[in-house]
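Start from chain P and add chain Y according to the hints.
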Amino acid sequence: MLDVSVAYNRYKFLGHEFLTWLWYRIETDPELTQKIEPDLESLAIGNRVVLENSRHNREETITIRGDGAGLEEGLIALKKGAKVTEINLVCRSAEYEWRFNLKGESLALSGLKTPQTGKMEKKEDLEGAVLERIYLVEKIVNLTFGLYGVFMGERLDPAWDNRTVGEINRWIGRAVAGG
Amino acid sequence: MQLLSSSLSLTRYRVKGNIADPMMDTIRSGLKDNVIREIDNDPAVKSVGWTTPDNPFSPDFESADFLFGSSVIFSLRIDKKSIPAKIVNKHYSMAVQKRLAETEREHLAKNEKRELKDEILHRLYLRVPASPGIYDIAWHPEAGDLWFFSNMKEANEELETLFSKSFRLSLVRIFPYTAAQFLSRIGDDAFDAVHKLGPSFFSQGGEHA
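These protein sequence lines are chains P and Y, in that order. Under the working numbering, think of the first position of the first sequence as 568, with each following residue one higher. Under the working numbering, think of the first position of the second sequence as 102, with each following residue one higher.
Hints in this document: simulated from the structure, not taken from any laboratory. Backbone N, C-alpha and C define an ideal beta-carbon position, used for all residues, glycine too. Among the hints, a few may not be true.
Stated by the list, open to error - Keeping only pairs whose Cα atoms sit at most 20 Å apart, straight-line, the calculated EDC-like set for lysine to aspartate or glutamate is:
(1) P:Lys706 <-> Y:Asp246
(2) P:Lys690 <-> Y:Glu261
(3) Y:Lys254 <-> P:Asp570
(4) Y:Lys133 <-> Y:Glu259
(5) Y:Lys181 <-> Y:Asp246
(6) Y:Lys297 <-> P:Glu721
(7) P:Lys647 <-> P:Glu627
(8) P:Lys706 <-> Y:Glu243
(9) P:Lys690 <-> Y:Asp246
(10) Y:Lys297 <-> P:Asp728
(11) P:Lys690 <-> Y:Asp166
(12) Y:Lys117 <-> Y:Glu261
(13) Y:Lys181 <-> Y:Glu259
(14) Y:Lys254 <-> P:Glu672
(15) P:Lys670 <-> Y:Glu255
(16) P:Lys689 <-> Y:Asp155
(17) Y:Lys297 <-> P:Glu672
To be verified - Sample of chain Y residues lacking proximity to chain P, with all beta carbon distances greater than 10 Å (derived):
(18) Met125
(19) Ala145
(20) Asn190
(21) His192
(22) Leu263
(23) Ser265
To be verified - Computed spacing ranges between beta-carbons, pair by pair:
(24) Y:Glu207 <-> P:Glu627: 53 to 63 Å
(25) P:Pro605 <-> Y:Ser171: 54 to 64 Å
(26) P:Val743 <-> Y:Leu225: 41 to 51 Å
(27) P:Thr628 <-> Y:Lys218: 35 to 45 Å
(28) Y:Lys133 <-> P:Pro605: 38 to 48 Å
(29) P:Asn576 <-> Y:Asp293: 16 to 26 Å
Looking at chain Y on its own, in the form it has when it is part of the complex:
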């Protein structure tokens, strides 16, 4: 379980919108409907879905307990396949030679080459196992707060898309501008003042920045 590992990365989000009641049923249903789909022995290149942190390769949201105190704990899993270009080129060259020999021609048409390449990729992706990435999530629904245990751009973007699709709620990533917006000590008027701010210079050396 990534959350229990010795070193963590964390991106904080604000959850916007209200979860339909009963809350835990809505969450369970959103997780179940978007559970990770296995793509081994399948030509798909990528699969993104939810999984359970303690059993990420056989998730079962029907029986899993994912409420810990007031936090909902689950994981985003991103499975990806990659094939080195040299392997694709090797199989493609072999297939082109075979087709030319079979048809007794010297060249293949452009669309024929494209179809051949797609066929090669389809065949190779069927055989290549996907490499999984698992990123834990701690969602605090009552506080409208969510911690995503990764700072990777791709993982954060996939989280935002899948979360919105699963729960019909939007995630706002917290960075200096949005943090200022959500800080309780800063009222609306003060937040408007943020828009007027420009950089400050703390020393003589910065005056010419």
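So here's chain P without its partners, still in its complex pose:
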């Protein structure tokens, strides 16, 4: 077992690859979410994507933000070798919606907005409100780490380099040409 700070820094590239892979899978496998959390119907890119390109020893950060912002700039950045370091995601299930930011290097969630819970009118309502909120947060925690599990399963598969990396490469090429 490596020292925690060494492991954090040495393997943060896995978090960036995970988010890049996730973008690709969101675009190419609409049923991915339901395979992990059957109650959740869809997962989409939200209003913020941060990419980083460190080729030629030069750190370049590209941030795309805003509701309705096109992702073309992000796709071009991917084409140039950038990877996704942070992403805002929107998850839906019937009329319910979750929004959250996921950071690649830490897998930490921020800005997590769950569907609204019932109003707390008296102190006795607290337990129900807390349990409901935990249930709603758990959906996203399970989804996030479930997705990471699928990613790691593919990442450790001997076919990763020849198959998955090639597929992502072709997806980027098609998406840039199409955009």
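Just chain Y, lined up with the frame of chain P:
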């Protein structure tokens, strides 16, 4: 209660070790023994301790219900005082002038200046109220899983230290490397393979990274 607020941040932890039986008594005792200590009217600069999310300024773990379903819900409270440097310098300069006048000297010795500064800080910290930070925790003991509702570095570090002191259990923060370790679908052999991984490049542009 932060857990019920409209927007949340979350850092996930794995809890390592076994809680002594009876579990809820052990947890209650760990929380009670490390409850937040008030530092208003006290020269302390910082205080870190547990509190109850629904009553964070008068915690009472003896009577509080902190088991919700199978989750233990409590909060980390960090109280901190800060005094702007300009205020410290003002009071220090005034104290130096007063001491020089009283002793009819032109200079103070180095250690005398240090003592004077410590005295000023002590006096000011006694008068300054602490600013509290409250971060909720959802601990799922049966699953060995803990959610900390903050991504702030200082708060996470304080949590790890106080949790270990309170319950004699260690917290392992979940990030890409540790997540790979704890994923049930990845066996020990596969986890060893993680150590051999290097970055992949998804496009031509990355080949020269």
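>> Output the indices of the hints that this structure fails to meet, ascending.
In response: The structure breaks hints 2, 5, 9, 25, 26; every other hint is satisfied.
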